[in-house]
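Visitor: What follows is each chain in one-letter form.
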Amino acid sequence: MASPPRPRRIALARIEDNLLVLLLVAMIVLAFVQILLRNLFSVGLVWIEPLVRQMLLWVALLGALVATREHNHITVDALSRFLTGRPRSAVGFFCDTFATVVCSLLTYATFQVFLQEFRDPKLGQIVTGLPVWASLATLPAAFSIMAVRFGRFAIRNLKDSLRGAPAK
Amino acid sequence: MIPLLALTTGLCLLLGAPIFCVFAAVALLGWHADGTPLSVVGTDLFRLSSNFILITIPLFTFAGYLLGESGAPGRLVRLSRAFLGWMPGGLAVVSIVACSLFTAFTGASGVTIVALGALLLPALIEDRYAENFSLGLVTTGGSLGLLFAPSIPLILYGVITETPVSDMFLAGLVPGLLMVGVLCAYGVAAARRSGVPRTSASLRELGAALWEARWEIPLPLVVLGGIYSGFFAVSEAAAVTAFWVLVAEVLLYREISLAQLRKVIRDSMVMVGGILIIVAAAMATTNYFIDVDVPTRIFAFIQKFIGSRIVFLVLLNVFLFVLGMILDIFSALVVVVPIITPVAQRYGVDLVHLGIVFLANMQIGYLTPPFGMGLFISSYRFRRGILQITAACLPFILMLVLSVLVITYWPELSLFLVNRGGSPG
Chain A
6 MASPPRPRRI
16 ALARIEDNLL
26 VLLLVAMIVL
36 AFVQILLRNL
46 FSVGLVWIEP
56 LVRQMLLWVA
66 LLGALVATRE
76 HNHITVDALS
86 RFLTGRPRSA
96 VGFFCDTFAT
106 VVCSLLTYAT
116 FQVFLQEFRD
126 PKLGQIVTGL
136 PVWASLATLP
146 AAFSIMAVRF
156 GRFAIRNLKD
166 SLRGAPAK
Chain B
9 MIPLLALTTG
19 LCLLLGAPIF
29 CVFAAVALLG
39 WHADGTPLSV
49 VGTDLFRLSS
59 NFILITIPLF
69 TFAGYLLGES
79 GAPGRLVRLS
89 RAFLGWMPGG
99 LAVVSIVACS
109 LFTAFTGASG
119 VTIVALGALL
129 LPALIEDRYA
139 ENFSLGLVTT
149 GGSLGLLFAP
159 SIPLILYGVI
169 TETPVSDMFL
179 AGLVPGLLMV
189 GVLCAYGVAA
199 ARRSGVPRTS
209 ASLRELGAAL
219 WEARWEIPLP
229 LVVLGGIYSG
239 FFAVSEAAAV
249 TAFWVLVAEV
259 LLYREISLAQ
269 LRKVIRDSMV
279 MVGGILIIVA
289 AAMATTNYFI
299 DVDVPTRIFA
309 FIQKFIGSRI
319 VFLVLLNVFL
329 FVLGMILDIF
339 SALVVVVPII
349 TPVAQRYGVD
359 LVHLGIVFLA
369 NMQIGYLTPP
379 FGMGLFISSY
389 RFRRGILQIT
399 AACLPFILML
409 VLSVLVITYW
419 PELSLFLVNR
429 GGSPG
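So the protein sequences, as listed, match chains A and B.
For the first sequence, the numbering used here assigns the number 6 to the initial residue and increments by one for each residue that follows.
For the second sequence, the numbering used here assigns the number 9 to the initial residue and increments by one for each residue that follows.
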């Protein structure tokens, strides 16, 4: 795992970062346009609000993906703050394994929801051309990548705790 | 098997597993034990996209990050100095006012201590304020302003408890001013004690400071004025703020390059993703807790020991104070609020008032050892030992505790603006 990151991973990381930037700028612009329309011309575009709400979900998932990649999620660090070396790696292994399992289960749970809606679309479309199932699909996609990433951290921590290499 | 897994989950929380995973695990485990298909958790997570008010979180967070990266902190300090610097204890008052305004916009994420504290601390010491007073002041300033619009914790509390966010903004105003006022009074007294020389006011400097900040001065006026007068919905105010800050810092001041902007957006959205994924998972957990009547059970349990509202409030204060020592504000909000609000309501505590009490307590939590985030950021930023910072904060903590007691036992202080019907003067 200490080998230099593979090109595919770097490419994925770059896509995530750029999508995050793009989504936020789009949210700001859309929300602002809506205000202008409402206050200046007393009209509103009906598709803006539902679309922006979906974008919020995507921002949340992408942000969480990047946070996972950088092992930067919000945690209770009251105890782990004081650990160093092998105990820290061992605890890290335990927590990352836990996170891997949870994210895998979440992938399963959200995939079920997606599949149900995909087979029998009851919720219809968010905006014309964007069915709800397409947005639902982002959930299992995100959680599966998170599971892989936590798994990778778990393996690294396991190796470090066995070898006694300095943990980050 | 299930108790064992529940135990593992609790252990993981303490050992530092991601909080969203812990919540999700509780929901998954709970529904599994209940015999309900796990897909219910998936549906709950998707509910993140059904709450429009949540878009205020990325918008305000981005604006706050961008302000912190730009020259805005320097302009804010200069302007406050030009306005208030001539008063006795002027710079102390300046620090308190500037910090609380800045924290309201950036959230108490440590940005204030990093961006403003670095400017204020040397100035305070140069002005002959005692070093420990100055350290305590800038560290306290890092979480002051949490009760003012548009702070993210206020919004989150509104979202979690389904209270109108605009009510929370109104309710926080007077209690927040109380805290600011108490600290200002202390600052003036401290200035007297250490014989801080007074500076005279300069119209020329005031004019220059005003001119320098011309693109930013309208922001708090438009946003706060818009929210408090009811002209803007909170989500609209967020969009205006984000757009305004973007235009002002990138196009008008030209202090942020496009490459920096990309980094600011990315970093702020990672923070937002970290918060929102917890909110999503917490919604799933709450749904389960409500389904199995956890609040009712807790109420039934504590009712045996606590008879009156006052006793409940006293214990709530103690509980929240300790909670603030251990958990950071976002975790505390999503973990504890959904459980205590139904209980508090049965004791006749108003939801809006409870939120203010909760956040006021959490604000102190930033400063209390052993895990107060403000202490660590300040220690790191100013290169002082954690013990010195803690000692420096003690008088401030004491005063904030007194303010919290007033806020807790005088509900009207929080509620009278809300009850006036949402259109304060």
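Hints listed in this document are in silico derivations from the structure and should not be mistaken for laboratory results.
Among the hints, a few may not be true.
[As the list claims (entries may be wrong)] With a straight-line cut-off of 20 Å between C-alpha atoms, the simulated DMTMM-like cross-links for lysine to aspartate or glutamate are:
1) LYS164(A) / GLU21(A)
2) LYS271(B) / GLU21(A)
3) LYS271(B) / ASP22(A)
4) LYS271(B) / GLU75(A)
5) LYS271(B) / ASP42(B)
6) LYS312(B) / ASP301(B)
Visitor: Does each hint hold? Answer for all of them.
Guide: We went through each hint and held it up to the structure:
Our distance criterion of 20 Å between C-alpha atoms is broken by LYS164(A) and GLU21(A), whose separation comes to about 28 Å. Of the supplied pair hints, the one linking LYS271(B) and GLU21(A) holds, its CA atoms being roughly 13 Å apart against a limit of 20 Å. For the proposed pair LYS271(B) and ASP22(A), the alpha carbon gap of about 9 Å is at most 20 Å, so the pair holds. Restraint check for LYS271(B) and GLU75(A): satisfied, since their Cα atoms lie roughly 15 Å apart, inside the 20 Å limit.
Note on LYS271(B) and ASP42(B): the hinted pairing is violated, with a Cα-Cα distance of about 45 Å set against a maximum of 20 Å. Distance check on the hinted pair: LYS312(B) and ASP301(B) sit about 18 Å apart at the alpha-carbon level, within 20 Å; holds.
Checked against the numbered hints listed earlier, the structure breaks hints 1, 5; every other hint is satisfied.
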